[in-house]
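Asks: As given, the protein sequences belong to chains A and B, one line each in that order. The opening residue of the first sequence carries number 26 in our numbering; numbering runs sequentially from there. The opening residue of the second sequence carries number 16 in our numbering; numbering runs sequentially from there.
Please keep in mind that the hints were generated in silico from the structure rather than gathered at the bench. This structure is a prediction, so every number in the text was calculated from the model and none was measured. Built from N, CA and C at the ideal position, the CB exists for glycine as well. A couple of the hints might just be wrong.
What the hints assert, rightly or not - Stretch-level coverage of chain B by chain A, calculated; a stretch enters the list once three of its residues show a Cβ under 8 Å from a Cβ in chain A:
| hint | segment |
| --- | --- |
| 1 | 18-32 |
| 2 | 44-55 |
| 3 | 97-104 |
| 4 | 127-134 |
As the list claims (entries may be wrong) - Not the full set, but computed from the structure, chain A residues with beta-carbon under 10 Å of chain B:
| hint | residue |
| --- | --- |
| 5 | Asn42 |
| 6 | Val44 |
| 7 | Tyr49 |
| 8 | Gln58 |
| 9 | Arg62 |
| 10 | Leu64 |
| 11 | Gln74 |
To be verified - Below, a sample of chain A positions facing chain B; criterion: calculated Cβ distance under 10 Å:
| hint | residue |
| --- | --- |
| 12 | Ile54 |
| 13 | Thr69 |
| 14 | Ile70 |
| 15 | Gln71 |
| 16 | Glu88 |
| 17 | Trp89 |
| 18 | Val90 |
| 19 | Pro92 |
| 20 | Arg95 |
| 21 | Arg96 |
| 22 | Ile97 |
| 23 | Val98 |
One letter stands for each residue in the lines below.
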Amino acid sequence: MSVQRQSQSPQREQPPNTVVPVKYAGKWIAWNQDRTRILGGGSTIQEAQAAAQAAGEAEPGYEWVPPADRRIVGPSR
Amino acid sequence: MNFPYGQYEVAPSTADPDLTVVFRPVIPVRVIGPAGAAAFYGLLDTGADQTVLPKALADLIGVTGNPARAATLLSASGEMSVTYTNVAFELGRGRGKVYWSATVAIIEEAWQEVVLGHAGFLEYFDATFFGVRRQVRLRRNTRPLPKS
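Make a model of the complete structure from these sequences and hints.
Replies: Encoded structure:
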């Protein structure tokens with residue numbers, strides 16, 4: 026029996042994530058499972074949830090996007 | 016586990032007028048509570064003493080902070096009141112997936128960001144930030160994971 030090993034090299038490149046467009050700044054967004062597509066967003070997490078459901082995504086991931094005109098130095102409100 | 020940084024389109028600032036995209040070590044983590052589980056993206060913050068979840072997230076998975084366990088946290092924008100509760104975390108995929116239980120702070124105020132700080136999260140990993148590749152690597156360290 027042969028055992029196939031996946032490379033676990035820390036040097037392995039990961040594909041970059043999709044850029045979050047500025048239109049979602051300050052909003053909750055829903056990602057597809059692989060973080061390759063933004064399914065929609067809104068001012069509340071429930072709106073992001075609704076976008077994920079409308080897209081038929083079984084395992085969405087939610088994220089709040091900081092405002093685009095602010096740079097983060099320690100999380101802020 | 017390697018995670019590419021999140022990429023965010025931003026408005027120019029006076030400090031960096033030509034910058035259009037910033038990169039942040041924001042990674043996916045699954046948070047499990049009594050009402051369910053959901054995947055969220057949180058900021059790995061080596062400057063944060065604790066792990067912080069916004070109330071919107073807590074509501075979604077059915078956890079509430081214990082009023083008897085209240086405290087004040089100091090953030091970049093001032094002091095904020097929090098309460099603490101326990102959640103379960105799930106990180107990674109496939110055979111490398113890990114689970115643990117953690118005490119987290121729930122922000123009752125207008126805070127939306129998931130902050131993955133030392134207590135409850137980073138303490139269980141050795142983290143390496145690769146600036147050129149814009150990736151972060153988390154490797155399990157020897158600190159035992161509390162059972163979820």
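Asks: All hints are to be evaluated individually against the structure, with a verdict given for each.
Replies: Comparing the hints with the structure gives:
{"no.": "1", "hint": "18-32", "in the structure": "holds (count 11)"}
{"no.": "2", "hint": "44-55", "in the structure": "holds (count 3)"}
{"no.": "3", "hint": "97-104", "in the structure": "violated (count 0)"}
{"no.": "4", "hint": "127-134", "in the structure": "holds (count 4)"}
{"no.": "5", "hint": "Asn42", "in the structure": "holds (5 Å)"}
{"no.": "6", "hint": "Val44", "in the structure": "holds (4 Å)"}
{"no.": "7", "hint": "Tyr49", "in the structure": "holds (9 Å)"}
{"no.": "8", "hint": "Gln58", "in the structure": "holds (8 Å)"}
{"no.": "9", "hint": "Arg62", "in the structure": "violated (14 Å)"}
{"no.": "10", "hint": "Leu64", "in the structure": "violated (13 Å)"}
{"no.": "11", "hint": "Gln74", "in the structure": "holds (8 Å)"}
{"no.": "12", "hint": "Ile54", "in the structure": "holds (9 Å)"}
{"no.": "13", "hint": "Thr69", "in the structure": "holds (7 Å)"}
{"no.": "14", "hint": "Ile70", "in the structure": "holds (4 Å)"}
{"no.": "15", "hint": "Gln71", "in the structure": "holds (8 Å)"}
{"no.": "16", "hint": "Glu88", "in the structure": "holds (4 Å)"}
{"no.": "17", "hint": "Trp89", "in the structure": "holds (4 Å)"}
{"no.": "18", "hint": "Val90", "in the structure": "holds (7 Å)"}
{"no.": "19", "hint": "Pro92", "in the structure": "holds (9 Å)"}
{"no.": "20", "hint": "Arg95", "in the structure": "holds (8 Å)"}
{"no.": "21", "hint": "Arg96", "in the structure": "holds (6 Å)"}
{"no.": "22", "hint": "Ile97", "in the structure": "holds (7 Å)"}
{"no.": "23", "hint": "Val98", "in the structure": "holds (6 Å)"}
The structure fails to meet hints 3, 9, 10 from the earlier list, while all remaining hints are met.
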